[in-house]
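Respectively, the protein sequence lines represent chains A and B. Here the first sequence stands for residues 1 to 410, where the numbers follow the working numbering. Here the second sequence stands for residues 411 to 835, where the numbers follow the working numbering.
Bear in mind the hints are in silico, worked out from the structure with no lab data behind them. Please note that the accuracy of each hint is not assured.
Quick list of the computed label-pair ranges, beta carbon to beta carbon [claimed, not checked]:
#1 B:Gly-674 - A:Ala-361: 32 to 42 Å
#2 B:Val-461 - A:Lys-382: 45 to 55 Å
#3 B:Phe-632 - A:Lys-268: 53 to 63 Å
#4 B:Pro-823 - A:Thr-346: 21 to 31 Å
Among chain A residues calculated to face chain B with C-beta under 10 Å, some are [claimed, not checked]:
#5 Lys-102
#6 Ile-104
#7 Ala-391
#8 Leu-396
#9 Gln-397
#10 Ala-408
Below 30 Å or equal to it, Euclidean Cα-Cα: the simulated BS3-like pairs (lysine-lysine) are [what the hints assert, rightly or not]:
#11 A:Lys-375 - A:Lys-354
#12 B:Lys-831 - A:Lys-62
#13 A:Lys-102 - B:Lys-527
#14 A:Lys-102 - A:Lys-337
#15 B:Lys-831 - B:Lys-570
#16 B:Lys-570 - A:Lys-88
#17 A:Lys-116 - B:Lys-527
#18 A:Lys-188 - A:Lys-260
#19 A:Lys-253 - A:Lys-188
#20 B:Lys-831 - A:Lys-88
#21 B:Lys-712 - B:Lys-722
#22 B:Lys-831 - B:Lys-527
#23 A:Lys-354 - B:Lys-626
#24 A:Lys-188 - A:Lys-274
#25 A:Lys-188 - A:Lys-375
#26 A:Lys-274 - A:Lys-162
#27 B:Lys-831 - A:Lys-354
#28 B:Lys-831 - A:Lys-116
#29 A:Lys-375 - B:Lys-626
#30 B:Lys-757 - B:Lys-712
#31 B:Lys-626 - A:Lys-382
#32 A:Lys-337 - B:Lys-527
#33 B:Lys-527 - A:Lys-62
#34 B:Lys-527 - A:Lys-88
#35 B:Lys-572 - A:Lys-116
#36 B:Lys-626 - A:Lys-366
#37 A:Lys-388 - B:Lys-572
#38 A:Lys-337 - A:Lys-366
#39 A:Lys-116 - B:Lys-570
#40 B:Lys-626 - A:Lys-388
All residues carry an ideal CB built from backbone N, CA and C; glycine is no exception.
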Amino acid sequence: MPTLSSRTFRSAAPAVLAGMAVLALSLTACGSAAVSGGADISNGDAAPVSNGAAQIAVSVEKVEGEDQCVPDFASAPAGPVTFNVSNKNASSVSEVELLSDKRILGERENVIPGLKAVSFTVTLTGGNYQLYCPGATTEYKPFTVTGAAADSASNGIGDLLKEGTDGYANYVSGQVDSLVVAVAALRKAVDSGDVPASQRAYADARSFFERIEPVAESFPDLDPALDLRVADVEPGSKWTGFHPLERDLFEAKAITAGSKALAAGIVKNVGTLKTLSAELESDAAYQPEELANGASGLLEEVQSSKITGEEEAYSKLDLLDFAANIEGSQQAFEYLKPALVEIDATLTQQISSKFDTVNAALEGYKDPAALGGYKAYTDELKATDAAKLTALIQSLQAPLARIAEKVATV
Amino acid sequence: MATSPDPLPDVSRRKFFSRSAAVAGAGGLALGAAGAAAVAATAAAAPLSDVELMAERGHLSYPFYGEHQSGIETPPQDHLVFTAFEVTATTATELQLLLAKWSAAMAELTAGNPVGKVEPSREHGIPVDTGEATDMGPQGLTLTLGFGPSLFDSRFGLEKFKPVDFADLPAMAGESLNPAFTGGDLCIQACSNDPQVAYHAVRNLARIARASVTTKWTVLGFGRASAGANQTTPRNLMGFKDGTRNVLGGDELAEHVWVGDEAGQAWMAGGSYLVARKIHMLIETWDEDTIGDQHSIFGRTKKEGAPLSGEKEHDTPDFHAVADGAPVIPADSHIALVAHENNGGTKILRRGYNFTDGLDSVGRLDAGLFFLSFQKNPEHFVALQRKLGASDRLNEYIRHVGSGVFAVPGGLPAAGSYYGKEFFD
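When you get a sec, could you build the whole thing from the sequences and use the hints?
Put into structure tokens, the structure is as follows:
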């Protein structure tokens, strides 16, 4: 499952430093290195500058029967560089990227035979880069930038990503704080023996958890303790968390001493979640690719347990969880967006527009009179709408799943 | 992709090249005829090992570019995956991108290549190709694209590109169509000698398009039920030979299958119209019918497949032959109703497959014929089906449950072109 894993979260802080160091090394050390492997490029001179940017035309085409990427210049002066990419007839290539080491600095997808040329602009400091054309016979072509090398590892995109992960950490902490309050209210209602009030408190608490579920899942003991569904309970082991309480409140509609113990357990485990997520924030441990994978992972959750109606089998609050998963996914995406739009503006726009479509569709399921504010996800509603919802989410997940690679720091 | 290693033994490929020279030219093959024909043509040579035979089959490929799309006159391969799609994209630009991406991907797939990286180099990369056909070769894969009448509504501004008189098929007698197996804005007919290669192709094309289309319905055909050029006639699930008098090639294609300028659309030149009918057979009741009745329902014998007026499969039926005061071939038998002699010369190219979906909701075998035909005018199919629906004795044992009609554009001339390009220029 492409969700945040505890291993990557916990080891994240040192990895940031290590990753930065490698990047710094590659940018500075390579700046003085000799150009190599550029012999197959037609022109060794630096590209001409016009409109404030060096202009490189990259033709994707068949050369002696093989699909190749052919740039007209292999070198450019430091500063803005525009790559104008067109695909004449090479059906195995559909994207072109500019890389520094493995890091994507800019790219265009949908470089398809027969379509108009597309372009992307990146601002480059002196050093060695690679033009990457996945699928071409020669996939990597060296590209050299002459002039001043970077004096630090951080380029503009790195700063934007750092701001994004910091912002997301803060968002998670805010959701957890609200969850702490909501589960305290849930416990109070359960302790009072008031079933309708407990049902309302249950519905109120769920969204805060579902928005940040990938973070909870990254702690291997915490997510099962809080959110295990009945089908996932190991025979003979104890079932705890939200869902056995859901069964008491919505199926049995009776509060027992067991229900009260479950509520108390939820409060305790949410307290632990608060401690752990606060550590993640203070350690600046979130990586951009984890946000991206978390955003996609939440859509996987929607498909595998909400649309199937397995998540809230007793309360039928699946659409509430659905909306919370989408919101959490979109938040992670929004924090990456300022950097992502620099890397791949078209894809960023496509994902934004797909989120708009999904949110507009969700509007149709709102019901202010219903518990949680969304229609109950009954078997009847599932029968008529599940396939539609699946298609809706798949069309969002397809582009969203691809952003981790683009923002990856390692 | 040019960089992918060729997993199939080269030694066998070379053999295949030389062996297939004996049958070159048959059916417009890229590498030669099907393995069986090649082997037959060189029976004197040393027998091939199983691995070599599999490699021969794997290497079979048909050209993707040409005057007509492959998968029409191509001798039917063993397996089919047919899928109809609804376009969910809302702009013409998205549709254009989809068609360009599909065209490029189809060129790769039919050459036996993945549509992108199976194993990306970066850890956070998502595999572009799903991988289940890796190292299997093209296996004779053809991918045939069609446009449904609904594509030409107002959504994408394509009204003016709609071929003359192109519309959904009219309601006909003998139908109980299920909307879940009917219609579609686009269709892809994937045929291959390996079912996984065909499935992989459609799966990946659907995945490439996930942001702009949804899959409306799909049928998996597990055995061809029509004969093409140089093929023996296969049998449908009723046990009868199907497609004995099919359109096989030559002048008949121009006369009955390929569209010229009558569609009023340049993009349809060299194209055809595809009709798809999912026909559920009431197999259990058919199985308990007498052989005499089965013969008179089809108008042919079961084992040989001869017309009741003759002795051999390919004997020309004599619809005027009379015995004991009655036609030898009953007038309401299947072959009498559809024969070109009795329909003003109308012929259609049939390219159907047997299918099964397990059991139906009332416990019967859910199986039958996925009828596919290509004709230069959908009206030709309609005229024949109207007759069948009204009086075919076979109707007691079949139900038409799914239906679609699609305009199949002409072939792409070369790399760099894509289906529907004319819509967006």
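Outcome of the hint check:
| no. | hint | verdict |
| --- | --- | --- |
| 1 | B:Gly-674 - A:Ala-361: 32 to 42 Å | holds (39 Å) |
| 2 | B:Val-461 - A:Lys-382: 45 to 55 Å | holds (49 Å) |
| 3 | B:Phe-632 - A:Lys-268: 53 to 63 Å | holds (57 Å) |
| 4 | B:Pro-823 - A:Thr-346: 21 to 31 Å | holds (29 Å) |
| 5 | Lys-102 | holds (6 Å) |
| 6 | Ile-104 | holds (9 Å) |
| 7 | Ala-391 | holds (4 Å) |
| 8 | Leu-396 | holds (8 Å) |
| 9 | Gln-397 | holds (8 Å) |
| 10 | Ala-408 | holds (4 Å) |
| 11 | A:Lys-375 - A:Lys-354 | holds (22 Å) |
| 12 | B:Lys-831 - A:Lys-62 | holds (20 Å) |
| 13 | A:Lys-102 - B:Lys-527 | holds (16 Å) |
| 14 | A:Lys-102 - A:Lys-337 | holds (20 Å) |
| 15 | B:Lys-831 - B:Lys-570 | holds (14 Å) |
| 16 | B:Lys-570 - A:Lys-88 | holds (28 Å) |
| 17 | A:Lys-116 - B:Lys-527 | holds (24 Å) |
| 18 | A:Lys-188 - A:Lys-260 | holds (9 Å) |
| 19 | A:Lys-253 - A:Lys-188 | holds (17 Å) |
| 20 | B:Lys-831 - A:Lys-88 | holds (14 Å) |
| 21 | B:Lys-712 - B:Lys-722 | holds (11 Å) |
| 22 | B:Lys-831 - B:Lys-527 | holds (27 Å) |
| 23 | A:Lys-354 - B:Lys-626 | holds (20 Å) |
| 24 | A:Lys-188 - A:Lys-274 | holds (19 Å) |
| 25 | A:Lys-188 - A:Lys-375 | holds (26 Å) |
| 26 | A:Lys-274 - A:Lys-162 | holds (22 Å) |
| 27 | B:Lys-831 - A:Lys-354 | holds (26 Å) |
| 28 | B:Lys-831 - A:Lys-116 | holds (12 Å) |
| 29 | A:Lys-375 - B:Lys-626 | holds (26 Å) |
| 30 | B:Lys-757 - B:Lys-712 | holds (23 Å) |
| 31 | B:Lys-626 - A:Lys-382 | holds (18 Å) |
| 32 | A:Lys-337 - B:Lys-527 | holds (26 Å) |
| 33 | B:Lys-527 - A:Lys-62 | holds (19 Å) |
| 34 | B:Lys-527 - A:Lys-88 | holds (21 Å) |
| 35 | B:Lys-572 - A:Lys-116 | holds (25 Å) |
| 36 | B:Lys-626 - A:Lys-366 | holds (27 Å) |
| 37 | A:Lys-388 - B:Lys-572 | holds (28 Å) |
| 38 | A:Lys-337 - A:Lys-366 | holds (28 Å) |
| 39 | A:Lys-116 - B:Lys-570 | holds (23 Å) |
| 40 | B:Lys-626 - A:Lys-388 | holds (11 Å) |
Violated hints: none; the structure is consistent with every hint.
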